[in-house]
Structures are given as C-alpha cells and as structure tokens.
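Novice: Sequence:
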Amino acid sequence: MKTTVLFLTLSFSCSVFAAGIGDVDSIPVSEPKESKLKHDEEVLKKDKYKFEKKTKALAQKTYYTTKDFVTGKLKNYLDSSGIKGADPTYVALPKRKWRVSLVADMDDMAVDVESKARDDNNNIWGFDLRVRPPMSASSGIWVGYMGYGFGVSYLKTGQNSTNLAMNLASPNYGLNIRWIRSTTDHDLKGWAGKGISYEQLVASNKYAYKIESFVFDGYWIFNKKKFSLSAAYDLSTVQLRSAGSFIAGLMFNYQKCDYSSPDNIGLLINANHIGKVKMNQLSAGGGYTYNWVPSQGFVINMTVMPVLTFFSSSKLYKYNWDFQYRDAARTEVSGITVTPSDTHDEHGKVALNVNARLAAAYRYKIWVFSVFAQAHYLRSYFEDTSFKVFQWNMKGTVGITL
1 MKTTVLFLTL
11 SFSCSVFAAG
21 IGDVDSIPVS
31 EPKESKLKHD
41 EEVLKKDKYK
51 FEKKTKALAQ
61 KTYYTTKDFV
71 TGKLKNYLDS
81 SGIKGADPTY
91 VALPKRKWRV
101 SLVADMDDMA
111 VDVESKARDD
121 NNNIWGFDLR
131 VRPPMSASSG
141 IWVGYMGYGF
151 GVSYLKTGQN
161 STNLAMNLAS
171 PNYGLNIRWI
181 RSTTDHDLKG
191 WAGKGISYEQ
201 LVASNKYAYK
211 IESFVFDGYW
221 IFNKKKFSLS
231 AAYDLSTVQL
241 RSAGSFIAGL
251 MFNYQKCDYS
261 SPDNIGLLIN
271 ANHIGKVKMN
281 QLSAGGGYTY
291 NWVPSQGFVI
301 NMTVMPVLTF
311 FSSSKLYKYN
321 WDFQYRDAAR
331 TEVSGITVTP
341 SDTHDEHGKV
351 ALNVNARLAA
361 AYRYKIWVFS
371 VFAQAHYLRS
381 YFEDTSFKVF
391 QWNMKGTVGI
401 TL
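When the letters of the sequence shown are read in order and numbered with the numbering used here, they come out as residues 1 to 402.
Among the hints, erroneous ones may be present.
Lysine to any residue pairs mimicking SDA-like chemistry, simulated, CA-CA at most 20 Å apart [as the list claims (entries may be wrong)]:
| id | residue 1 | residue 2 |
| --- | --- | --- |
| 1 | Lys226 | Tyr173 |
| 2 | Lys224 | Ala86 |
| 3 | Lys194 | Glu346 |
| 4 | Lys388 | Glu212 |
| 5 | Lys278 | Glu346 |
| 6 | Lys206 | Asp258 |
| 7 | Lys210 | Asp258 |
Ranges of calculated distance between the beta carbons of each label pair, as one might list FRET restraints [as the list claims (entries may be wrong)]:
| id | residue 1 | residue 2 | range |
| --- | --- | --- | --- |
| 8 | Ala104 | Gln200 | 34 to 44 Å |
| 9 | Phe252 | Trp321 | 27 to 37 Å |
| 10 | Pro294 | Lys189 | 19 to 29 Å |
| 11 | Phe311 | Thr162 | 35 to 45 Å |
| 12 | Asp327 | Met166 | 51 to 61 Å |
| 13 | Ser197 | Gly286 | 55 to 65 Å |
| 14 | Arg130 | Thr89 | 28 to 38 Å |
| 15 | Asp87 | Thr162 | 49 to 59 Å |
| 16 | Val350 | Gly195 | 51 to 61 Å |
The set of hints was computed from the structure by calculation and includes no laboratory data. Ideal Cβ positions, reconstructed from N, Cα and C, are used throughout, including at glycine.
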C-alpha cells in the first residue's frame with residue numbers, strides 16, 4: 001500500500017515537472033529592438049506612399065475636372081455669345097474658331113479752322129488754317145479665338161504719332177474707339193542757325209503742329225435675329241444670307257490742334273494771336289447697316305449713320321510773341337519767343353454730321369481675308385469760328401484659321 005502511494009506521488013510529480021518544462025520551452029524569444037523599429041518604418045513608408053498617391057490622383061482629378069468645367073463654360077459662352085437668339089439659317093459659327101492674322105492699318109485726317117472777327121480798330125480779320133498731317137501706317141500680327149484676342153503692331157509713319165484703336169462687335173451692339181496723337185516739326189526748324197531769314201520763315205506755308213483726336217461711336221442693332229455685325233468686322237460669325245438692320249447710335253469726338261510754335265509766327269499773326277483750338281462734340285443719330293452675301297463665304301457690310309450734334313463747344317487759345325534781333329538797330333530778327341495770352345470759349349449750333357463704314361470678309365478653306373474702312377465728317381459752327389474734321393482709317397487682314 002505504501003509502495004503504491006509513493007509511486008503515484010512520484011508519477012504525478014514527474015508529470016507536473018514535465019508539463020512545466022513544456023511551458024517554459026513554448027515562451028517566444030523577444031526580437032531585437034532595432035529590427036522592430038525598422039519594420040515599423042517600412043510600414044509607415046508604404047502607408048505614406050499609398051496616401052500620397054491617392055492624394056495626388058485626387059488633386060489631378062479635381063484639377064482637370066475644374067479646368068474642363070471652366071474652359072468648357074468659357075468656350076460655350078464665347079461660342080454662343082455671337083449667335084444667341086439668331087436664326088441659324090442666317091447666322092452661324094465658323095468651323096475653325098482660332099485665328100492668326102497679319103494686319104495692316106492706315107489712317108489720315110484733315111483739319112480746317114476758319115475764323116473771322118473784328119479787332120480793336122473795328123477791322124475785320126480772318127484766317128483759314130488747313131492742316132494735313134502725313135498719313136500714318138502700321139503693320140503687325142493678331143492671335144485670338146472667336147474675335148477675342150491680342151495683337152501687336154509696329155507703327156511706320158513720317159511723324160511722331162501714337163495710334164490706338166479698339167473695335168467690339170456683338171449681336172446687340174458695336175463699339176469703336178480711336179485715339180490719335182501726332183506731332184510734326186516745322187520744315188524750317190532751327191532757321192536762325194541755318195542762315196534762313198525771318199522773311200523766308202514767314203513766307204513758308206508748312207507749319208509745326210500737334211494734333212490730338214479721340215472718337216467714340218457706338219451702335220445699337222435692332223435685327224439681331226438675322227443680322228450679324230461680327231461677320232464682317234471681327235469674323236467671329238458667318239453671315240449665310242443677306243440681311244440688314246436699323247441702328248441707333250451715339251458719337252463723341254474730341255479734337256485739338258496746337259500750332260503755337262514760334263516757327264509758325266506768320267500763321268499766328270494772320271490768325272490774330274490764336275495758336276490753339278480745342279473742340280468737343282456729342283451727337284446722336286440713327287441709320288442702317290446691311291450685310292450683302294453675294295456668294296458662300298463672302299460678305300460685304302455697308303453702314304451709314306447720320307448724327308445730329310446737339311452739344312458742341314470750342315476753346316480758342318491766344319498767344320503773344322517777342323522778337324530777338326541780331327543788331328542794335330533791330331532790323332534783323334534772330335529769334336522768337338511765344339507766351340500764352342488769354343482764352344475764348346464758344347458754344348456751337350446744332351449741326352448734322354455723318355459716320356460711315358464699309359467692310360468685307362472672305363473665307364476660303366482655312367484662309368480668311370478682310371478689309372475695313374471708316375470715315376467721320378465732323379463740323380462745328382460758332383459765332384466767329386468753324387471747325388471741320390475729316391478722318392478716315394483702313395485696315396486689312398490676312399489670316400489662317402485653326
């Protein structure tokens with residue numbers, strides 16, 4: 001009995017000891033700390049790469065979606081603005097809307113000022129000033145989409161001249177702005193140092209002057225359903241069939257002619273000291289514009305708008321002069337100085353003026369040809385002075401459509 005109990009006790013103890021040894025052998029051995037950190041860094045790098053890739057893909061998708069939305073909206077606006085409300089059997093869009101064009105531009109003007117008055121001795125005096133500046137010309141290149149674009153021109157002219165122009169055409173209206181400033185020296189400039197006499201200077205009929213002109217005219221088009229002004233001017237639409245429209249318009253013009261140079265002493269004497277004239281006019285009127293389509297791809301536009309000038313004002317500037325002499329006897333003039341004296345304002349009567357335009361455009365495959373001409377005849381009548389300006393400009397283009 002004792003032997004049996006002792007055996008069982010020993011067996012149980014051995015089993016427990018063996019079980020304990022088995023538990024000890026199953027305990028995992030810890031990895032080194034550096035290896036675990038390296039593993040964690042690799043996991044973080046992979047997660048970061050996946051995050052950056054997803055973020056970049058989302059940003060690109062958002063960018064292109066936004067870009068397509070913006071450019072699509074802009075493209076639809078530019079495309080539809082020219083034919084909104086138009087009859088598709090009369091007005092259509094060109095198949096190729098991008099255009100690169102070579103541009104040539106010319107302009108000229110003539111200014112006539114006539115004035116009569118009585119001097120302090122009750123003598124009637126008068127003068128007739130006729131200014132004919134040299135014609136200016138420029139050439140350049142234009143790039144744009146549907147009539148909207150950017151151009152650069154090189155001005156080639158026989159005078160110091162600045163010429164800026166802007167033309168807008170839409171289904172409802174047309175706007176034209178033109179600003180010209182030119183300066184010309186006297187043919188006998190520096191006459192005293194060149195051995196030219198005062199008498200020769202006075203006898204000369206070519207003067208030094210500064211001319212500035214600003215003209216704005218705008219049209220409102222009533223028949224936008226069948227008529228497109230853009231077809232002949234900015235070439236953003238195509239006139240398929242002949243059509244016309246009545247128009248109403250406003251016109252403002254500013255003119256300045258300054259001939260107060262000391263070299264113009266003969267003119268200043270004859271003009272009773274008047275050396276500069278400024279004129280402002282505001283006019284309103286109505287007329288008619290017509291697009292004639294003699295054949296497919298060819299359109300000719302004619303626009304005539306008589307305007308009634310209901311506001312007109314002029315300002316005359318007078319000057320005094322002093323002579324310098326070569327000798328004490330004061331017989332030979334060696335120089336002249338001119339100084340401002342006083343001014344005189346006048347308001348003119350109502351006058352009828354004319355604004356006319358002519359344009360043509362022709363499309364042949366990918367080529368586009370156009371020519372444009374515009375003329376203004378502006379008159380103002382005052383108590384003692386009449387002011388007349390005839391101004392015209394012409395532009396031609398040769399372009400390729402894309």
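Novice: Let me make sure I understand: some of the numbered hints might not hold for this structure. Which ones are they, in numerical order?
Specialist: 3, 10, 11, 14 and 15
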